[in-house]
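> My request is simple: use the sequences and hints to build the entire structure.
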Amino acid sequence: MRRRLIIPSWIPTLVVAVGLYWVVSYANSTARITPYWYSVIQLAAITAVSALGLNLIYGFNGQFSLGHVGFYAIGAYGSALITKDFVGKWSGGQFSALSWIMAGQAGILVVLFVAQGIRLGAIRKALRAALDSFMKGHEAWTLVTLVSLALVAFALAVGVAFTWALQRGFLFLLENAIVALPETAAQGIIFLLGLLNGGTMAALIAYLVGLPLLRLSSDYFGIATLGFAIMVYTALQNSDMVIATMKGARGMVAIPRWTTWAWVYVALGLSVIVMRNLIWSSQGRAIMSVREDETAAKLMGIDIAQQKAIAFAIGGFFAGLAGGLYAHLFGFLHPSSFNFIKGFDPLIIIVFGGLGSMTGTIVASALFALVIEGLRVVLPQGFEDWRFVIYPVLLLIIMLVRQQGLLGTTEWGWLRAPLPPERAVPAPAPVVSRTGVSEAKDV
Amino acid sequence: MATQPGVESGDGSILAINGVTKLFGGLRAVSDFDMAVPQGRLYGLIGPNGAGKTTVFNMITGLCPPTEGSILFDGQDLVGVDSHRITQSGVARTFQNIRLFQNLTVLDNVRIAYHTHAGYSMVESIVRLGRFRRQERNLSERAQDLLAVFALQDRQLEVAKNLPYGEQRRLEIARALAAQPRLLLLDEPAAGMNPTEAESLMELIHFIRDRLGLTILLIEHQMRVVMGICEWITVMDFGQVIARGTPREIQSNERVIEAYLGKRMGKRI
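In order, the protein sequence lines correspond to chains E and W. Counting along the first sequence from 1, when you hit position 88 you're at 88 in the numbering used here, and nothing is skipped either side. Counting along the second sequence from 1, when you hit position 103 you're at 103 in the numbering used here, and nothing is skipped either side.
Because the hints were derived from the structure by calculation, they are not lab data. Some clues are possibly wrong.
As the list claims (entries may be wrong) - Quick list of simulated restraints, FRET-style, between CB atoms:
#1 130(W) <-> 25(E): 26 to 36 angstroms
#2 121(W) <-> 164(E): 32 to 42 angstroms
#3 7(E) <-> 157(W): 13 to 23 angstroms
As the list claims (entries may be wrong) - Stretches of chain E that chain W covers, calculated by requiring three or more beta carbons in the stretch to come under 8 angstroms of a beta carbon on chain W:
#4 275-288
#5 295-309
Quick reminder that beta carbons are idealized off the backbone N, C-alpha and C, glycines included.
This is the structure:
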């Protein structure tokens, strides 16, 4: 076994990570970069979080998704609703959004657990037999519609019950506790809650959307998820019909601008750690096996539907988290920031950085922002719009020269696949040789 | 011994296929197929190209469920069960055209098979605490041991698609064994091998069976190769059983010779 590295790989990685954080904070605090560039850098890091999620879905799991921007939007609005509500509290508002959203999620979770129970248990066989006899007289889709309606009704019922309970008990306590805290601490907690809510909402919706859609093979799945992104966009444009504060096509305003470089960087760091640890584990291997060969994965005992749903949900969580950070960066959300053309940004980044490379995604996110914004500075006055001529040409050239993307599937430093653990006992001698089988060896 | 096609008794067998038919549109790929594989047997399924052998494997592993009939594995009906559950219950297979996880390392190819009993949860792997380190070491070592048996331990960090053909075949068998099967299905393991390589592969298969106490069902359309190692053979042609018996009986069976060589040639011999 070759072991070239003597210094553990996490040391240089940590040095680079801390250095990068410090450089940007220093440049900002000494006003070496304009506030504009400061927010560009933050946006690049936010995009990296979202793109990491898409890389898990497309690069590692092999599911071509165009719907990522939809989860990004869900995360943005989902977190903004909560923090805005909290800010409203100071002017006598209520925590209604938080309770409703949490209740909705609780409802969905309960339904998922129930559905999982049915899937696992012996009930399933009985149900299938009953369904088979029922199906003879009915079209399959009628049944699917009925079942989904029943599930939605159930989710709503559970949701309403939870809302009631939450508003009565838990939230009353939470409200008092948070108000009692100093303002900065309370703000941090609420922001964290908001981000987590954005992430979990996106993850849950990704899971629900994924269950039926992930049966489709790659290209068809891409189109279906594009449909999902457009649905989210349309829903956001008309969102004021349901929740007035979302303001629909006029754009949601007065979201607290709480996103700072520290928040963004910690979110990015945690996403990278989670992603890296997930990929280089049994779960990650299962996810990658689905990309490599679905049939072979199935016959290795891997539930490919489950693996796809897991990857899609975790990827959706990352998008939602990034969306939440984005919402609090500019303090303004408009559906047009989430139209499907924007959905191609993370896709371009992961393809450009290398499908199946976390390092590539992070580097490409930085380069992407640098090219788009850098061209604005480089180009002479009045020619700024030529950015969108030069940048596609650059993309074309890169794709023609390096189809596998900037980094292919290679990783750097700590992100590389860890070597298998050192063995205490040497492996047994081979039984097979080039010429045949030699006998009497211990297996 | 029965050299004519007939129904084999399913008593005491690990795999019993009863009256299985598979229709692809109007095509009868397999029709009214019966087979019983006793525990611990090295069983051969042979026949000319297009006889329906691989379809039988696909039906056993749940890739294309039969139109009719039942497939009992250890008394459990496999019809309608998802492929991954069939594997988890103890059936593993290899493929005629090698299907490795091409871009993953040799070690990871084998470790994937341990996923369902990895012994740690997703959360534990994310925080890298608890059972993760212990279990990961444990399953890596098991995978390495298995690779060592197949003389692949020096290749463990290499990407699977870079292996030479013979090693890819061996890796595929190692990966199937990692799924801890009680029944191993090998689909033309000697395809594309020269006679010496095929010979050593057959010895290896024998060794696996003896050492791990597996039942092995083997597809091969090169009759010569299979005759040496199989203890019992079923011959298929056009989706139907045309003969059963020991290799010696099969070799002298008229219908088998006919199926392989054609009617006129068969008569001349």
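> Run every hint past the structure and note whether it holds.
Tested hints:
Range check, residue 130(W) to residue 25(E): Cβ separation about 35 angstroms, and the 26 to 36 angstroms hint holds. The supplied range of 32 to 42 angstroms is met by residue 121(W) and residue 164(E), whose beta-carbon atoms lie about 33 angstroms from each other. Between residue 7(E) and residue 157(W) the C-beta distance comes to about 19 angstroms, which sits within the given range of 13 to 23 angstroms. Residue count for the segment 275-288 of chain E with a Cβ under 8 angstroms from a Cβ of chain W: 9. That meets the three needed, and the coverage hint holds.
A count of 10 residues in the segment 295-309 of chain E with a Cβ less than 8 angstroms from any Cβ of chain W is obtained; the coverage claim is therefore met, three being the minimum.
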